[in-house]
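J.: Dock chain B against chain A, hints included.
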Amino acid sequence: MQKETCYHCGADCNSGTIYFDDKPFCCNGCKTVYEILNQNELTCYYDFEQAPGTIPAEIKGKYDYLDNEEIADKLIEFNDGSTSVVNFYIPSIHCSSCIWVLENLDRLNKGVKTTLVNFPKKEIRITFKNEETSLKDIVELITSIGYEPFISLEDSEGKKAKIDRTLLYQVALAGFAFGNIMMLSFPEYFEVDEFWLNKYKPFFRFLMFAFSVPVVVYSAKDYLISAYKGLKHNILNIDVPISLGILVLFTRSTYEIISQTGPGYFDSLTGLIFFLLLGKVFQQRTYNFLSFERDYKSYFPIAITKINKDNSHVSIPVHEIEKGDRLLIRNEEIIPVDGIMINGDALLDYSFVTGESMPVTKISGDKVFAGGKQTSGAIEIEVLQSVTQSYLTQLWSNDIFSKNNTKNIKNITDSISKYFTIIILFIALFAGVYWFFIDKTIAFQVVSAVLIIACPCALALSAPFALGNMLRIFGKNKFYLKNTNVIEDISRINTLVFDKTGTITTNKGSKISYEGEHLNDLEIESIKSVLRSSNHPLSRMLYEHLPKTELMEVKNFKEILGKGIQGSVNDLDIQLGSASYMDIDPEILLSTFTYIKVNNKLKGKYIFNNEYREGLKESFQKLSKNYGLSILSGDNAGEKQNLEHLLPENSQLLFNQKPEDKLNFIKKLQEKENNVMMLGDGLNDAGALAQSNVGIAISENINVFSPACDGILDAEEFKNLPNYINLSKKSMSVIKISFGLSFLYNIIGMLFAVSGNLSPIVAAILMPLSSISVVTFVTLSTNFISKKTLNS
Amino acid sequence: MNILFMLIIISLFIAIIFFIIFVRSVKTGQYDDVYSPSVRMLFEDEIVKDENVDDNKTNSK
Numbered sequence: 062m063q064k065e066t067c068y069h070c071g072a073d074c075n076s077g078t079i080y081f082d083d084k085p086f087c088c089n090g091c092k093t094v095y096e097i098l099n100q101n102e103l104t105c106y107y108d109f110e111q112a113p114g115t116i117p118a119e120i121k122g123k124y125d126y127l128d129n130e131e132i133a134d135k136l137i138e139f140n141d142g143s144t145s146v147v148n149f150y151i152p153s154i155h156c157s158s159c160i161w162v163l164e165n166l167d168r169l170n171k172g173v174k175t176t177l178v179n180f181p182k183k184e185i186r187i188t189f190k191n192e193e194t195s196l197k198d199i200v201e202l203i204t205s206i207g208y209e210p211f212i213s214l215e216d217s218e219g220k221k222a223k224i225d226r227t228l229l230y231q232v233a234l235a236g237f238a239f240g241n242i243m244m245l246s247f248p249e250y251f252e253v254d255e256f257w258l259n260k261y262k263p264f265f266r267f268l269m270f271a272f273s274v275p276v277v278v279y280s281a282k283d284y285l286i287s288a289y290k291g292l293k294h295n296i297l298n299i300d301v302p303i304s305l306g307i308l309v310l311f312t313r314s315t316y317e318i319i320s321q322t323g324p325g326y327f328d329s330l331t332g333l334i335f336f337l338l339l340g341k342v343f344q345q346r347t348y349n350f351l352s353f354e355r356d357y358k359s360y361f362p363i364a365i366t367k368i369n370k371d372n373s374h375v376s377i378p379v380h381e382i383e384k385g386d387r388l389l390i391r392n393e394e395i396i397p398v399d400g401i402m403i404n405g406d407a408l409l410d411y412s413f414v415t416g417e418s419m420p421v422t423k424i425s426g427d428k429v430f431a432g433g434k435q436t437s438g439a440i441e442i443e444v445l446q447s448v449t450q451s452y453l454t455q456l457w458s459n460d461i462f463s464k465n466n467t468k469n470i471k472n473i474t475d476s477i478s479k480y481f482t483i484i485i486l487f488i489a490l491f492a493g494v495y496w497f498f499i500d501k502t503i504a505f506q507v508v509s510a511v512l513i514i515a516c517p518c519a520l521a522l523s524a525p526f527a528l529g530n531m532l533r534i535f536g537k538n539k540f541y542l543k544n545t546n547v548i549e550d551i552s553r554i555n556t557l558v559f560d561k562t563g564t565i566t567t568n569k570g571s572k573i574s575y576e577g578e579h580l581n582d583l584e585i586e587s588i589k590s591v592l593r594s595s596n597h598p599l600s601r602m603l604y605e606h607l608p609k610t611e612l613m614e615v616k617n618f619k620e621i622l623g624k625g626i627q628g629s630v631n632d633l634d635i636q637l638g639s640a641s642y643m644d645i646d647p648e649i650l651l652s653t654f655t656y657i658k659v660n661n662k663l664k665g666k667y668i669f670n671n672e673y674r675e676g677l678k679e680s681f682q683k684l685s686k687n688y689g690l691s692i693l694s695g696d697n698a699g700e701k702q703n704l705e706h707l708l709p710e711n712s713q714l715l716f717n718q719k720p721e722d723k724l725n726f727i728k729k730l731q732e733k734e735n736n737v738m739m740l741g742d743g744l745n746d747a748g749a750l751a752q753s754n755v756g757i758a759i760s761e762n763i764n765v766f767s768p769a770c771d772g773i774l775d776a777e778e779f780k781n782l783p784n785y786i787n788l789s790k791k792s793m794s795v796i797k798i799s800f801g802l803s804f805l806y807n808i809i810g811m812l813f814a815v816s817g818n819l820s821p822i823v824a825a826i827l828m829p830l831s832s833i834s835v836v837t838f839v840t841l842s843t844n845f846i847s848k849k850t851l852n853s
Numbered sequence: 642m643n644i645l646f647m648l649i650i651i652s653l654f655i656a657i658i659f660f661i662i663f664v665r666s667v668k669t670g671q672y673d674d675v676y677s678p679s680v681r682m683l684f685e686d687e688i689v690k691d692e693n694v695d696d697n698k699t700n701s702k
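In the order they appear, the protein sequences are chains A and B. In the numbering used here, each number is its position in the first sequence, counted from 1, plus 61. In the numbering used here, each number is its position in the second sequence, counted from 1, plus 641.
Just chain A, same shape as in the assembly (with noise of 0.2 Å):
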């Protein structure tokens, strides 16, 4: 048989294809989905790319909470009454087919005004009229389409930070000055002696300092500042020298030209205001689709459905959510407190929580932990804890989330400008001294030259384009780390420590085994057509394990929720499941198993291990070269004997940690002079990676949540950790060599001011081309070293 893919989501039709309009589609969410558009004339939608969709999730009563108007009010950005606007995360948008769609929107609903997505940010405006339409209407409109916004608590605080755009503003206005600037003082440069040259000098003059002063005060301004502040606390950072070296120039220019006696160095400055700017913004790297700040309450839902005591429902915000309360928990729906189930069959999926992607069966009497997922049909469960004192929110009361990450260590170009500074204001001095014993008259101008020559642009620029540059090819590998700090931090770390679950074993899939008596091809076959009915993620992923066979019909398929299936094919009566399913005494449970019966009688167990990624040994044999290694698993000590193959002798495994213990242990490793850096993937280890020094989150997919840290790395290019960290230490290296090529430049310089010949052009000259041959050096010898590293 021909395979088929669904015209909508693109994803294999199995044998319950549903043709509508002669075109397959796998599922009845992407059949309704083409139907919709399909009535609004939207067909388009499939012509800009091959099956753009994605399949709808059920949402029947999941938005209720939509018309609660104190929510609402929170969600909504702008409201006069009549229109309102309201901004979404969506993280399923992919494609252009994706943004045609949306943008069409009011196809669909006419009380839609206009919508624009942003698709960078996976990002849409929607702007309605509150009279023929309602947030939840839209909410529902654009999920059953396939485009379901993720709304969560996060939302529901205060509105996001307006972007700051004043970095762009000064580099415009530096770049500005400075080309006119440059024009404006050519003349000079040439020294003609012509006489409308000479009649215009001094408005050429005039002209030139206007066009600086707003360079100086707003453009220049956060060096000022920033060395004001540094000078205050007795720290002589490199903005010290540099506001030292705008300063001198401005003044001296300024009276130069009041003066009359020569043109100033305006070009220079406003040249020198750029060069750094532009240094800035190379370093400001960010990566728009990513945060680097989550916690719980952008997992947690913003508002739950609380079941009154008359049994009515009523929606209210997680906040009010009391001890005592009896909630209902529908389908793909988040517990957001510890509570105790009274209702239903719970599957909870805690794979953001802990990483562990076997879903737990709970019955009702058993206790429930905030974080977790349903994942089949809705439960009832009481509350015990309010959500800030629920067993994994209470994490955000230890004080690292409070601390505004004061992590204070200074950056590499800080700690050189210490000595810089003072070595140049010595120069300084004795030049001067020296001069005012030669000629009293030009003793000021060799001082001013020299604050002036030193200002060190050159230095300034080579770690944020080094840096720069390094965040960029790293993104394209793949690891997309908060900000260049980072790569300063990795290159000092010394000790590694690993989350289990979902870190360096795969989240997706695990190693399947089977264990028993001989299952012949006819078993096989059965077991695998029973499998196809159910839902349960183990039979899908038996489902996907076991080989490609004709599928059989199946009768008398029955489900018992978190036990097992049973249905007979063949004239073969199949059972799979629990132990408690097959009436089994249950063997310790440090993996997960299936039971398999034919016929009543067991046949043996299908084993569930967890599967550790790939190229994981080389990786921890490489980094125990040089690294100390650990291992934190909040599971129990089940896999112990096969991480024990996998780690090198000297590394340390605990089993059993808690979310408080992994950021202990984090503290003792630090307060013994480590520096740490953490690697996890779900909420609880979201205290770890705050407290170490560089926290870095493994993921599976990077659109989908991952805790707050300071870097987020695809799990795909887990084995290649060795060689980033290594990366990052050899672009230190290259930092500190382009840092001799700036000096070797400054003395140059430095030449020409003590002996009192720095001609303004001499300037205009040497501090573009020092910047230039600097950063260019930078950008080249990372791009070499990470070529040689990453292939290598």
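FYI, nobody ran anything at the bench for these hints, they're computed from the structure. Take the hints with a grain of salt, since some may be wrong.
In silico lysine to any residue, SDA-like type, Cα no more than 25 Å apart, as pairs [claimed, not checked]: (1) K370/A <-> W457/A; (2) K183/A <-> V667/B; (3) K174/A <-> N129/A; (4) K171/A <-> F684/B; (5) K358/A <-> Y495/A; (6) K537/A <-> V675/B; (7) K174/A <-> I650/B; (8) K341/A <-> Q671/B; (9) K262/A <-> P678/B.
T.: Only chain B this time, still in chain A's reference frame:
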């Protein structure tokens, strides 16, 4: 010679106007999303084409 004076003033004036226009375009968020507009630009035609196709359909009936 005053013409030179005039010309410089005028040229600076124009340059400053362009600078202000640039700042305004940044301020209104034109540079916040530099990808979507490039795709959006191609859509306008598609919608028209879509409607034309529908017209043809109704005509042929």
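J.: Does each hint fit the structure? Answer for all of them.
T.: Comparing the hints with the structure gives:
1. K370/A <-> W457/A: Violated, at about 32 Å.
2. K183/A <-> V667/B: holds (21 Å)
3. K174/A <-> N129/A: Given pair K174/A, N129/A holds - Cα atoms ~23 Å apart, limit 25 Å.
4. K171/A <-> F684/B: Between K171/A and F684/B the Cα gap is close to 20 Å, so the pair holds against 25 Å.
5. K358/A <-> Y495/A: Between K358/A and Y495/A the Cα gap is close to 65 Å, so the pair fails against 25 Å, i.e. violated.
6. K537/A <-> V675/B: holds (19 Å)
7. K174/A <-> I650/B: With Cα atoms ~46 Å apart, K174/A and I650/B exceed 25 Å; violated.
8. K341/A <-> Q671/B: Since the Cα atoms of K341/A and Q671/B sit roughly 21 Å apart, the hinted pair holds (cutoff 25 Å).
9. K262/A <-> P678/B: violated (47 Å)
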